[in-house]
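Protein sequences appear in the order of chains A and B.
Going left to right, the first sequence walks through residues 1 to 588 as the numbering used here numbers them.
Going left to right, the second sequence walks through residues 589 to 969 as the numbering used here numbers them.
One should not assume that every hint holds.
[Stated by the list, open to error] SDA-like cross-link-like pairs, simulated, lysine to any residue; straight-line CA separation at most 25 angstroms: (1) Lys508(A) with Arg797(B); (2) Lys954(B) with Arg923(B); (3) Lys898(B) with Gly863(B); (4) Lys626(B) with Gln672(B); (5) Lys434(A) with Met135(A); (6) Lys508(A) with Lys932(B); (7) Lys932(B) with Pro517(A); (8) Lys429(A) with Pro492(A); (9) Lys553(A) with Arg604(B); (10) Lys932(B) with Gln560(A); (11) Lys544(A) with Lys626(B); (12) Lys544(A) with His769(B); (13) Lys483(A) with Ser454(A); (14) Lys955(B) with Gly563(A); (15) Lys955(B) with Arg538(A); (16) Lys553(A) with Gln672(B); (17) Lys559(A) with Gln672(B); (18) Lys603(B) with Asp750(B); (19) Lys544(A) with Glu662(B); (20) Lys945(B) with Leu337(A); (21) Lys210(A) with Pro180(A); (22) Lys564(A) with Val927(B); (23) Lys508(A) with Lys698(B); (24) Lys603(B) with Gly864(B); (25) Lys209(A) with Met135(A); (26) Lys483(A) with Pro383(A); (27) Lys564(A) with Ser804(B); (28) Lys572(A) with Cys933(B); (29) Lys544(A) with Ser840(B); (30) Lys698(B) with Leu723(B); (31) Lys553(A) with Gly823(B); (32) Lys910(B) with Ile550(A); (33) Lys910(B) with Pro492(A); (34) Lys553(A) with Lys626(B); (35) Lys483(A) with Ser377(A); (36) Lys368(A) with Lys209(A); (37) Lys544(A) with Gln672(B).
[To be verified] In silico negatives: residues of chain B with every beta carbon more than 10 angstroms from chain A: (38) Gly694; (39) Arg718; (40) Ser738.
It should be emphasised that the hints constitute simulated quantities derived from the structure, not laboratory data.
Glycine residues also receive a C-beta, built at the ideal position from the N, C-alpha and C atoms.
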Amino acid sequence: MVSLLTLTMANQLSLEICRVVPKEKMKEQFLDHMDLERERGITIKAKAVRMEYFSPSTGEKYILNLIDTPGHADFSYEVSRSLAACEGVLLVVDASQGVEAQTLAHARLAISQGLVILPVINKIDLPAADPERAMREVEAILGEDHLPFTMVSAKLGTGVEELIEKIVRFIPPPPVEDSPFLRALIFDSVYDSYRGVIPFIRVKEGEIKKGMEIMMFSTRKSFSVSEVGVFTPQRTEVDSLGPGEVGYVVANIRRLEDSQVGDTITSASHPSPSPIPGYKKVKPLVFCSFYPVDYEDYSRLKESLERLQLNDASLSFEADFSEALGFGFRCGFLGLLHMEITQERMEREFGVEVVATAPHVVYHVLSKSGEILEVRSPRDFPPPSEIEETEEPYVEMSITVPAEYLGGVMDLCQSRRGIFKDMVYLSEKLVLLKYDLPLAEILLDFYDCLKAVSRGYASLDYEFIGYRPAKLVRVDILVNREKVDGLSFISPEESAYYRGRALVSRLKELIPRQLFPISLQAAIGGKIIAREDIPALRKDVLQKCYGGDITRKRKLLEKQKEGKKRMKAVGKVRIPQEAFLAVMKSEK
Amino acid sequence: MKELSLYFHFPFCLKRCRYCDFVSYPRRDRSFHLEYEKAVFQEIAWKVEEESLWGRELSTVYLGGGTPSLLFPEDVERMLNYLQGFFTFSPSVEITMEVNPETVNGDKIKAFQEAGVNRFSVGVQSFNPRFLYFLGRSSSLGQIENVLSSMEKIHCSSWSLDLLYSLPFQSLPEWQQDIEHALIYHPPHLSIYNLTLSPVVPLYSFARRHSRVFPSPDEEALYFEWTMEKLEQEGYIHYEISNFAQPGAECSHNLTYWRGGEYLGVGVSAWSYLGGRRQKNTSSLKNYLRRLEEGKSPLTFQEELEAHQKLAEDIMLRLRTKEGVQSSYLLTRYRRGEVETKLKCLEYLSQEGFIIKEGERFALSKKGILVANQIFQEILD
Chain A
1 MVSLLTLTMA NQLSLEICRV VPKEKMKEQF LDHMDLERER GITIKAKAVR MEYFSPSTGE
61 KYILNLIDTP GHADFSYEVS RSLAACEGVL LVVDASQGVE AQTLAHARLA ISQGLVILPV
121 INKIDLPAAD PERAMREVEA ILGEDHLPFT MVSAKLGTGV EELIEKIVRF IPPPPVEDSP
181 FLRALIFDSV YDSYRGVIPF IRVKEGEIKK GMEIMMFSTR KSFSVSEVGV FTPQRTEVDS
241 LGPGEVGYVV ANIRRLEDSQ VGDTITSASH PSPSPIPGYK KVKPLVFCSF YPVDYEDYSR
301 LKESLERLQL NDASLSFEAD FSEALGFGFR CGFLGLLHME ITQERMEREF GVEVVATAPH
361 VVYHVLSKSG EILEVRSPRD FPPPSEIEET EEPYVEMSIT VPAEYLGGVM DLCQSRRGIF
421 KDMVYLSEKL VLLKYDLPLA EILLDFYDCL KAVSRGYASL DYEFIGYRPA KLVRVDILVN
481 REKVDGLSFI SPEESAYYRG RALVSRLKEL IPRQLFPISL QAAIGGKIIA REDIPALRKD
541 VLQKCYGGDI TRKRKLLEKQ KEGKKRMKAV GKVRIPQEAF LAVMKSEK
Chain B
589 MKELSLYFHF PFCLKRCRYC DFVSYPRRDR SFHLEYEKAV FQEIAWKVEE ESLWGRELST
649 VYLGGGTPSL LFPEDVERML NYLQGFFTFS PSVEITMEVN PETVNGDKIK AFQEAGVNRF
709 SVGVQSFNPR FLYFLGRSSS LGQIENVLSS MEKIHCSSWS LDLLYSLPFQ SLPEWQQDIE
769 HALIYHPPHL SIYNLTLSPV VPLYSFARRH SRVFPSPDEE ALYFEWTMEK LEQEGYIHYE
829 ISNFAQPGAE CSHNLTYWRG GEYLGVGVSA WSYLGGRRQK NTSSLKNYLR RLEEGKSPLT
889 FQEELEAHQK LAEDIMLRLR TKEGVQSSYL LTRYRRGEVE TKLKCLEYLS QEGFIIKEGE
949 RFALSKKGIL VANQIFQEIL D
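Put together the whole structure using the sequences plus the hints.
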């Protein structure tokens, strides 16, 4: 079993060698199912494929199961569960870019689970490829020399055959334990509107087949299996799945909570006394609220979140209300990418347009009365006079960056309240930097800034390390002296003034001039820290209006009126949604 | 029987101006003009039949374009005679013709007058050669002055001139000069428009690229405020957003539009409003000629206004005029509940100073005129 494939590679392995997918059926990269994944060139959900391979060197037939894992830090839990279902990994490194921060994180995970690592240097066909350097960097992060590298160009097919031979040679077959019990690990699941939640499993011990009663370890709920199968990569029914096999189970599971990634499936009649270790419930780290653009879409928004949750166990949400934005949902995400993707899927797959508030973390506030509050939204942040102490979540950030951009990246981390921890040269060109950073600091635009200061060459990965004390304040935005909920944000005191000023001047550009003058203020408690004014609109008139113009002009006015309706009214002022989004993208 | 207005669209010019989005073709051959006139005659006969307009009294006739002054006086005479075969003319009938200075001289104007035209609307746009050139006008300053002088000579008591502002690099003094220049000729009526460019006109892309060289909305507001004040001092009544007239010289034809009156539009791209339905003829000259030849309707669009649309439109159109709208008028014509909602809105806008309320009459204030679009949006549902 292999894991940590890259996209093209996953396709190439099965396509070129085993020809499991007719070429005409291949829509670019068939393992990436979601349109969104194809567009962004990333894997969000882990994908599996099973292929048969006849090795000319051993003269034997092998069954290989591949799982393509997400690479992004937000989805590291999915990665860790995928790894738990594997015997070995292909650690794929881009020959032109070298090691990335997440390579390190994933390699560590693989090592900690005792898996065989086969390093693969891909894209050797690129003119900028430097496989030598990439190899040295991999050796540096794995702390080992003489690794069994394979040089591959997945695009051209170079080295793919050799790689598969290595998989057969180096990665051990799954241990077949003689056990009277069934234990299968859920490493992913999908929702099918006809067949319910379909867990993707790796059988550790025992056998699972049609007609059997199974039980989920964490919820103790049982289900009757109506089908088991493997991925070819389409789902293909088989009689049973035995030890070491990877496949799916259809058991009329209706709720995703009943098929949680990392959970163990066992037999309901002869349950195993213990689950496969390592299961944990993922906790959301980043929060933001979604409001329907059109308030009539509220129930559709709710429905779409429920549907998304069927496919994405790490998404959590609860009802929320904002004076400016009406009814909506506060959602919890694993990270920023997870949030963006959820919003985009909602608009794309369900056609619900939403206004998303600024992403924020959960702050801990110790009130003067000795109470500890978990503050999820700027609204719950108490006034300054009631606060004894505040804490915010920190992450350990790993950044790999070419040496020439080191200075810029260090400046960036410093400006985001980073605490320097470590610096290692992985090769003469590539540096691994470690910083402790407040999670809130990376929510805004850290990734964009990092790419900007490193011309796109730096990569990052982070891990939550706990709460630390911080001096925090809530900055409110007042529009014509009225506080607007969706525009508040929590900020470290030292940058509150600057951010407040930046936001009001941005809002001045985004809120169109109206019939009345508008004042915009940023305030901490009762103290105004910034102000801008939008003068009243002086002239807006369709001067010519004769016979033929009447219909046309009425339609134009109706259209403009429609646009206005979509804005949120605060008193007499109408605030366009872009203004709310500006809080999200406020520059540092 | 209710009064009826008639609009005739003449879609030919010597050449197209660079800002104009009216339907017009740069064709000057007279035989073609006559062929077109014949088609319009057919349309009139057909519409009269279709809409049962026989014997209706025409209160106004408007020859617009295009450049209807490319026609010969005898063509106009023939047209008016033809109309009299279907309609009766009100004793005070207003017959307006749009005139482009490059196509007429004093004699031709006099001949049009003798043919029956009793009101001229002269397309001046600017007295500044730089702007005439920029706009792609075919007329020279000399031709413009010539036509304007002839108005006095023929003792024409009702005529108008058009001026455009908000032109590139136009300063306030330059605009003031244009107004002063116009006032030399004592026009009984003035139409003042700001340059509005639709995406189909050649100047549109220029304006997109060089938006900075045009006066900003704030500057436009200054220009127009000065204009309102100046023309008021000169004895003009600002009787509609873009129209100013000496007492009694208001354009009856255009008032028909704003008062929700009925009008029959004939010719390419002409609009009609008859019995609560608004209709539009095809904008393609080729299709227009073909359809009439085949005895088919030249209409391409028709809408029957719903009650709430009619109400909103009625208020918006009447608010364009100085006389504004009266609550009693609305209450006799529309559903009480809907009218009351609108009145509440008008009431609110008057508290904010955008509307002046006198008794039961609501009209835009000067401040309201400048932001009329926003006001109308408030009134729409």
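Going through the hints against the structure:
| no. | hint | in the structure |
| --- | --- | --- |
| 1 | Lys508(A) with Arg797(B) | holds (24 angstroms) |
| 2 | Lys954(B) with Arg923(B) | violated (30 angstroms) |
| 3 | Lys898(B) with Gly863(B) | holds (12 angstroms) |
| 4 | Lys626(B) with Gln672(B) | holds (16 angstroms) |
| 5 | Lys434(A) with Met135(A) | holds (22 angstroms) |
| 6 | Lys508(A) with Lys932(B) | violated (31 angstroms) |
| 7 | Lys932(B) with Pro517(A) | holds (22 angstroms) |
| 8 | Lys429(A) with Pro492(A) | violated (35 angstroms) |
| 9 | Lys553(A) with Arg604(B) | holds (24 angstroms) |
| 10 | Lys932(B) with Gln560(A) | holds (21 angstroms) |
| 11 | Lys544(A) with Lys626(B) | violated (30 angstroms) |
| 12 | Lys544(A) with His769(B) | holds (22 angstroms) |
| 13 | Lys483(A) with Ser454(A) | violated (39 angstroms) |
| 14 | Lys955(B) with Gly563(A) | holds (23 angstroms) |
| 15 | Lys955(B) with Arg538(A) | holds (8 angstroms) |
| 16 | Lys553(A) with Gln672(B) | violated (33 angstroms) |
| 17 | Lys559(A) with Gln672(B) | violated (42 angstroms) |
| 18 | Lys603(B) with Asp750(B) | holds (19 angstroms) |
| 19 | Lys544(A) with Glu662(B) | violated (31 angstroms) |
| 20 | Lys945(B) with Leu337(A) | violated (56 angstroms) |
| 21 | Lys210(A) with Pro180(A) | holds (18 angstroms) |
| 22 | Lys564(A) with Val927(B) | holds (22 angstroms) |
| 23 | Lys508(A) with Lys698(B) | violated (58 angstroms) |
| 24 | Lys603(B) with Gly864(B) | violated (36 angstroms) |
| 25 | Lys209(A) with Met135(A) | violated (44 angstroms) |
| 26 | Lys483(A) with Pro383(A) | holds (14 angstroms) |
| 27 | Lys564(A) with Ser804(B) | holds (22 angstroms) |
| 28 | Lys572(A) with Cys933(B) | holds (13 angstroms) |
| 29 | Lys544(A) with Ser840(B) | holds (16 angstroms) |
| 30 | Lys698(B) with Leu723(B) | violated (28 angstroms) |
| 31 | Lys553(A) with Gly823(B) | violated (31 angstroms) |
| 32 | Lys910(B) with Ile550(A) | holds (18 angstroms) |
| 33 | Lys910(B) with Pro492(A) | violated (57 angstroms) |
| 34 | Lys553(A) with Lys626(B) | violated (32 angstroms) |
| 35 | Lys483(A) with Ser377(A) | holds (15 angstroms) |
| 36 | Lys368(A) with Lys209(A) | violated (59 angstroms) |
| 37 | Lys544(A) with Gln672(B) | violated (30 angstroms) |
| 38 | Gly694 | holds (28 angstroms) |
| 39 | Arg718 | holds (22 angstroms) |
| 40 | Ser738 | holds (26 angstroms) |
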